[in-house]
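Starting from the given sequences, assemble the full structure and let the hints guide the process.
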Amino acid sequence: MMKRTIPMLLAMAAGIVMILAYFFPLLAPLQDKTTVWFNILAAVAFILGGGNLLKVHLKKVSDRREGWAYSMITLAAFVSVLAIGLFKLGVNPLDEFPTQRMAGDFRAEGSGFWYVYEYVFAPLTATIFSMLAFYVASAAFRAFRAKNLEAILLLGTAFVILLGRTAAGVFLTDFLPEEGMLANFRLENLTVWIMNNPVTAGNRAIMIGIALGTASVSLKILLGVDRSYLGGGD
Amino acid sequence: MYEFLRDLDRRVIFSLMAVAVAVPILLQITPPEKATPIVRDAFETIEALEEGDKVYMAFDFDPASAGELQPMATAFVRHASEKKLKIYFTALWPVGPQFIKNAERDVIKRDFPNMVYGEDYVDLGFKTGNEGVIKLVANDLRAQYPQDARGTPIDDIPMMEGVGSIRDFEVIMNVSAGYPGTKEWVQYAVASAPDDVKLVAGCTGVQAPLLYPYYPQQMSGLLAAIKGAAEYESLVLGKYGRENEPGMYQEGLRRMAPQLSGHILMVGLIFVGNLVYFMARKRGEA
Amino acid sequence: MTHATRRGNANFGVLLVLIGVAIAVLNAVAFHPGAGTQWTKRTEHVHTLEDGSEVRWTEHEAVSVKEGREMAALEEDAAPLFARTVGLWGAAILTLCIFSFLLGDNPLYKAAEAIVVGASAAYWMVIGFWETMVPNLLAGLFPGWTRDTFMPKLALEAETDYLLLIPLALSVLLLLRLAPKIGWISRWPTAFIIGVFCGLRFISSLEADFLSQIGPTIKPLIVMGENGFDLESSFSNIVLVLGTLACLVYFFFSVEHKGAVGKVARSGIWMLMITFGAAFGYTVMGRIALLAGRFEFLFDDWLWLIDPKDAHPAQAFLQTIAPMLT
Numbered sequence: 001m002m003k004r005t006i007p008m009l010l011a012m013a014a015g016i017v018m019i020l021a022y023f024f025p026l027l028a029p030l031q032d033k034t035t036v037w038f039n040i041l042a043a044v045a046f047i048l049g050g051g052n053l054l055k056v057h058l059k060k061v062s063d064r065r066e067g068w069a070y071s072m073i074t075l076a077a078f079v080s081v082l083a084i085g086l087f088k089l090g091v092n093p094l095d096e097f098p099t100q101r102m103a104g105d106f107r108a109e110g111s112g113f114w115y116v117y118e119y120v121f122a123p124l125t126a127t128i129f130s131m132l133a134f135y136v137a138s139a140a141f142r143a144f145r146a147k148n149l150e151a152i153l154l155l156g157t158a159f160v161i162l163l164g165r166t167a168a169g170v171f172l173t174d175f176l177p178e179e180g181m182l183a184n185f186r187l188e189n190l191t192v193w194i195m196n197n198p199v200t201a202g203n204r205a206i207m208i209g210i211a212l213g214t215a216s217v218s219l220k221i222l223l224g225v226d227r228s229y230l231g232g233g234d
Numbered sequence: 001m002y003e004f005l006r007d008l009d010r011r012v013i014f015s016l017m018a019v020a021v022a023v024p025i026l027l028q029i030t031p032p033e034k035a036t037p038i039v040r041d042a043f044e045t046i047e048a049l050e051e052g053d054k055v056y057m058a059f060d061f062d063p064a065s066a067g068e069l070q071p072m073a074t075a076f077v078r079h080a081s082e083k084k085l086k087i088y089f090t091a092l093w094p095v096g097p098q099f100i101k102n103a104e105r106d107v108i109k110r111d112f113p114n115m116v117y118g119e120d121y122v123d124l125g126f127k128t129g130n131e132g133v134i135k136l137v138a139n140d141l142r143a144q145y146p147q148d149a150r151g152t153p154i155d156d157i158p159m160m161e162g163v164g165s166i167r168d169f170e171v172i173m174n175v176s177a178g179y180p181g182t183k184e185w186v187q188y189a190v191a192s193a194p195d196d197v198k199l200v201a202g203c204t205g206v207q208a209p210l211l212y213p214y215y216p217q218q219m220s221g222l223l224a225a226i227k228g229a230a231e232y233e234s235l236v237l238g239k240y241g242r243e244n245e246p247g248m249y250q251e252g253l254r255r256m257a258p259q260l261s262g263h264i265l266m267v268g269l270i271f272v273g274n275l276v277y278f279m280a281r282k283r284g285e286a
Numbered sequence: 001m002t003h004a005t006r007r008g009n010a011n012f013g014v015l016l017v018l019i020g021v022a023i024a025v026l027n028a029v030a031f032h033p034g035a036g037t038q039w040t041k042r043t044e045h046v047h048t049l050e051d052g053s054e055v056r057w058t059e060h061e062a063v064s065v066k067e068g069r070e071m072a073a074l075e076e077d078a079a080p081l082f083a084r085t086v087g088l089w090g091a092a093i094l095t096l097c098i099f100s101f102l103l104g105d106n107p108l109y110k111a112a113e114a115i116v117v118g119a120s121a122a123y124w125m126v127i128g129f130w131e132t133m134v135p136n137l138l139a140g141l142f143p144g145w146t147r148d149t150f151m152p153k154l155a156l157e158a159e160t161d162y163l164l165l166i167p168l169a170l171s172v173l174l175l176l177r178l179a180p181k182i183g184w185i186s187r188w189p190t191a192f193i194i195g196v197f198c199g200l201r202f203i204s205s206l207e208a209d210f211l212s213q214i215g216p217t218i219k220p221l222i223v224m225g226e227n228g229f230d231l232e233s234s235f236s237n238i239v240l241v242l243g244t245l246a247c248l249v250y251f252f253f254s255v256e257h258k259g260a261v262g263k264v265a266r267s268g269i270w271m272l273m274i275t276f277g278a279a280f281g282y283t284v285m286g287r288i289a290l291l292a293g294r295f296e297f298l299f300d301d302w303l304w305l306i307d308p309k310d311a312h313p314a315q316a317f318l319q320t321i322a323p324m325l326t
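Protein chains in written order, with the working numbering: chain D, 1 to 234; chain R, 1 to 286; chain X, 1 to 326.
One thing to keep in mind: the hints can contain errors.
Said to hold, decoys possible - Just a few of them, taken from the derived set where beta-carbon distance is under 7 Å, the chain R residues facing chain X:
#1 I25
#2 P94
#3 T128
#4 Q147
#5 Q187
#6 A225
#7 P258
#8 N274
Claimed, not checked - List of simulated lysine-lysine pairs, DSS-like, C-alpha gap at most 30 Å:
#9 D:K147 with X:K263
#10 R:K101 with X:K181
#11 R:K282 with D:K147
#12 X:K181 with D:K3
#13 R:K84 with X:K263
#14 D:K59 with X:K181
Claimed, not checked - Below, a sample of chain R positions facing chain X; criterion: calculated Cβ distance under 7 Å:
#15 L16
#16 Q28
#17 R40
#18 V186
#19 G247
#20 Q259
Keep in mind that the hints were calculated from the coordinates and are not lab data. The C-beta atom is built at its ideal place from N, Cα and C for all residues, glycine as well.
Given below as C-alpha cells:
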C-alpha cells in the first residue's frame, strides 16, 4: 500500500491534473502550482545527485578499491566547490546592503564560485567535448564503408553537407551558374535543399514516431498499466 | 602503401586533425560568408521588431558547447541591443547565467553603455525544472520568477510591468545546446500561443537536423551550428558593422577557416578509409 | 594492447603536458613576455556604517591587457591580477591534461577527470540551492528569515505561502533516498515527478510533434507557379511528402514489410540514410567548432600567439607571415 499504491495514485493525480488543465482552463491555477512544486523538486534532484556521488566515492575510498586515490581527488573537488559556493567565499556584498555578505551574488565576477567556473569547470568540460573531434575523425577512417546503397546514400549526404557548409562547396561548384535550374546543383544550394526536403522528411517521421511513443508510454504510466518506475517490493 | 594505410596508427589521424584545425587559426584566415534563407529569416524576424519590443533571451547552453554557441549568443545580444529591444535573459542550463553575465560585461556595458539594468535588460537567471520552467513561464512567468537573479522582487523592476507570461514577448531568442532547449521551447511555449510568440533559435550541429521539421511554421529561423553563427554574424555586421569591428563579433566567421580544413580532412579520411577497404576486398582480406 | 605499451602510452601523455608547459613558460619569458597575464580594473567600495565603522572591498572587473595598460597609463586603477593569471595557467594546464588522453590513459588525465566529476556535482548542488531552493521555496516559506540573511530586497509585506509545505515535504522525502532503510519513501516524490512529467509530455508531444507536423506535410505534389508548372517546387514537395510517408511506413511494424509495403519501407530507409548522413555531417561540424574553440583559447588567451580580439600584444612570427600567405 505505502510502497506501491500511494505513489501510483500520486503519479496519476499529478499527471491527470496536467492533462485536464489543457482542456479545462479553470484548472490552470492548480496546474501552475503543481509545476512550481515540480520545479522545486528538480533542484532537490541536484542535491540528491551530489549526495549520491559523495556516498559512492566515500565507499570506494573506505574499501580502498582500485583507483581510490582518484576518488579522493573527486571528493576534495566536491567538498571545496560546495564550501566555496554555499558559504559564498570571495563574494562581495551588494552596495545597498554592505553588512549582509551572504546577500552578495555568488556568481559575480571575482567570487570564489566564479573562479571555479572560469578556470576549472569551463576549460575542463569544454575540452572533454572537443576531444570528440579527434575520435570522430578516427572512427570515420575506420568504420565508414560504402558497402551498399544505404551506406553510399549516407556517405554521399555527409560529403555534400561537409563540403557544402564551408567555402569548399562554393569553390568546387563555382563553374555552375548562379541562376536557373543548374544552380540547384551548386553544393551550397544542394545542402539547403537536402536539409529542407529529405532531411526534414526523415526527421519529421522520426518526430511523429517518437511523439506517438511518448504519448502512449505517458498514458500507460498515468493509467497505472506500466508501474516499472515503482521498482520492486511491496 | 596499402599496409601503411591499413595499419595507420590512430595517433597519426589525431595529429592530422590537430594540424588541420590549428593552422588556419594560427594564420587567422576569415573566409567570406553568405547567409542562407533559414538564417536570413531569423535575422529578419528580429529586424522586423520595433524599439521597445520585448525579447525573451534564453541561454540554454554550457561551456562544453560554447565553441559553437557563444558566437550566436553574442550576435543575438548585439542585434537586440542595436534594435533597442528590451531583453529578458534567462537560462535553463545551470551554467547559462555565466554567459548572461559575460554578455552583459562584454556586449552591453562595453558597446551599449546607455542600456540600463531593469529598464532595458534584466537577468532572470537560472531555474531548475527544465520544461517545467517553460510550461510555467508560458502560463504565469511571475510564479516562476518572483525575483530577478539579483534578488530584486519582480514588481520593483520597471521593465517587468505588464509582463505576465510568454505571450507578452514578441520573440523568444533561444541559444540551445540540447535538452532542455529549442525543442522544448517549441513544445511548451510556441505550442501554447502559436499566434502570439515567435521563436528564433541557434543550436548545436547535433540538434540542427532534428529541428528542421519545426521550420518555418513553429520556428521562424534557425542558426544551425557554427556555420549558422557565421552567417548571422555576417548579417549583423553587414547592417550594423563599424570600422575596427571588435574580434568578438567575428568569432563564428573566424571559426569557419578551421572548419573548412577540418571538413576537407574528414572527407579525405573517409575516402582513404574506403580505398583501403576496397583494396582489402580485392585482396580477399575483408 | 600489452601492459608495457599501455604504460608507454601513459608516459607519452604525461610527457605531452610537461612539454606543453615547458614551451609555454619559454614563450612567456622569451617570445611573448607575460603571456597569459590577466588584468583587472579595480573599484574601491567604502561604506561608513551608523556606528562609524567602515566596510570596504575591492571589485575587480576583467579588462584586456591592452585596455588595462591604457587605463594604467591614464592613472586609472588597473593592474595585472596574480590570482587570475594563475587561474588561467591552471585552466590551460587542465586543458592539456585532458588532451593528453589522446596519447593514452594516464594519471594526469584521470586526475583532471576526477576533478570534473566532483566539481560538477557540487557546482549543480550549489546552483540548485541558491537559485531555486532559496528564492522559490525558502523565500516563500520563511520570508522574514530569508530577507534578513540572503535576500534583503525581498518585499517587507511578503507573506508565508503555506502551500509550499507540500514541496518541502516532498523534498525531504526525496532526500531520504540516501538513507538505506527508509529509502523506499522517496518513491512518493519520484512518482509525483514522473506523473507531472508524463502529463506535460503527453500533451506537448501530441501537440507540437504530431498534430503540428501533419499540416506542413500536406502539400500539393504538382505546383503551378506564375509561369505554369513549377518543376523545382513540385519535386521538392514530392520528396518531402512521399519521403515522410515512406519513413512512417518503415516505422510501422504491425504489417510485414513484404511486397508493395516492403518496397515503400525500403525507400523509407533510403530517406532515413540521407537524414543520418546529414546528422553525421552536422555532428562533425559541431565537434570541430568545439576543438577550434579550445585551440583559440590556448593560442590566444594563454600563449598570445594570435590576437583576434585585439586584447594583448602579439608579435608572433605567424602574424607577420600570415599576410604573405593569404
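Hints, verified against the model:
1. Given the 7 Å rule on beta carbons, the hint for I25 (chain R) holds: about 5 Å separates it from the nearest Cβ of chain X.
2. For P94 (chain R), the suggested interface contact is upheld, since its CB lies about 5 Å from the closest CB of chain X, less than 7 Å.
3. Residue-level restraint check for T128 (chain R) holds (minimum Cβ-Cβ distance to chain X is 4 Å; threshold 7 Å).
4. About 5 Å separates the beta-carbon of Q147 (chain R) from the nearest beta-carbon of chain X, less than 7 Å, and the hint is met.
5. Proximity of Q187 (chain R) to chain X holds as hinted, the smallest CB-CB distance being about 4 Å (cut-off 7 Å).
6. The restraint placing A225 (chain R) at the interface with chain X holds, with a minimum CB-CB distance near 5 Å, inside the 7 Å limit.
7. Nearest Cβ of chain X to the Cβ of P258 (chain R): about 4 Å, under the 7 Å cut. The hint holds.
8. Violation of the interface hint for N274 (chain R) is found here, the shortest Cβ-Cβ separation to chain X being roughly 14 Å, above the 7 Å cut-off.
9. In summary, the hint linking K147 (chain D) to K263 (chain X) is supported, as the alpha carbons are separated by about 20 Å, within the 30 Å threshold.
10. For the suggested pair K101 (chain R) and K181 (chain X), the alpha carbons sit about 44 Å apart, so the restraint of at most 30 Å is broken.
11. Distance restraint check for K282 (chain R) and K147 (chain D): the Cα-Cα separation of roughly 13 Å lies within the 30 Å cut-off, and the hinted pair is therefore satisfied.
12. Our distance criterion of 30 Å between C-alpha atoms is met by K181 (chain X) and K3 (chain D), whose separation comes to about 13 Å.
13. Simply put, K84 (chain R) and K263 (chain X) have alpha-carbon atoms about 56 Å apart, too far for the 30 Å limit, and the pair is violated.
14. For a cut-off of 30 Å, the pair hint linking K59 (chain D) to K181 (chain X) stands: about 17 Å separates their Cα positions.
15. At about 12 Å, the closest approach between the beta carbon of L16 (chain R) and any beta carbon in chain X exceeds 7 Å, and the interface hint on this residue is violated.
16. Contact between Q28 (chain R) and chain X, as hinted, is supported at the beta carbon level, the nearest pair being about 6 Å apart and thus within 7 Å.
17. Restraint check, R40 (chain R) versus chain X: the minimum CB separation of about 18 Å is more than 7 Å; hint violated.
18. With its C-beta approaching chain X no nearer than about 5 Å, V186 (chain R) sits inside the 7 Å limit, and its interface hint holds.
19. The closest approach between the C-beta of G247 (chain R) and any C-beta of chain X is roughly 4 Å, which is under the 7 Å cut-off, so the hint is satisfied.
20. Annotation: Q259 (chain R) was flagged as interfacial toward chain X, and the flag holds, the nearest CB pair being 6 Å apart, inside 7 Å.
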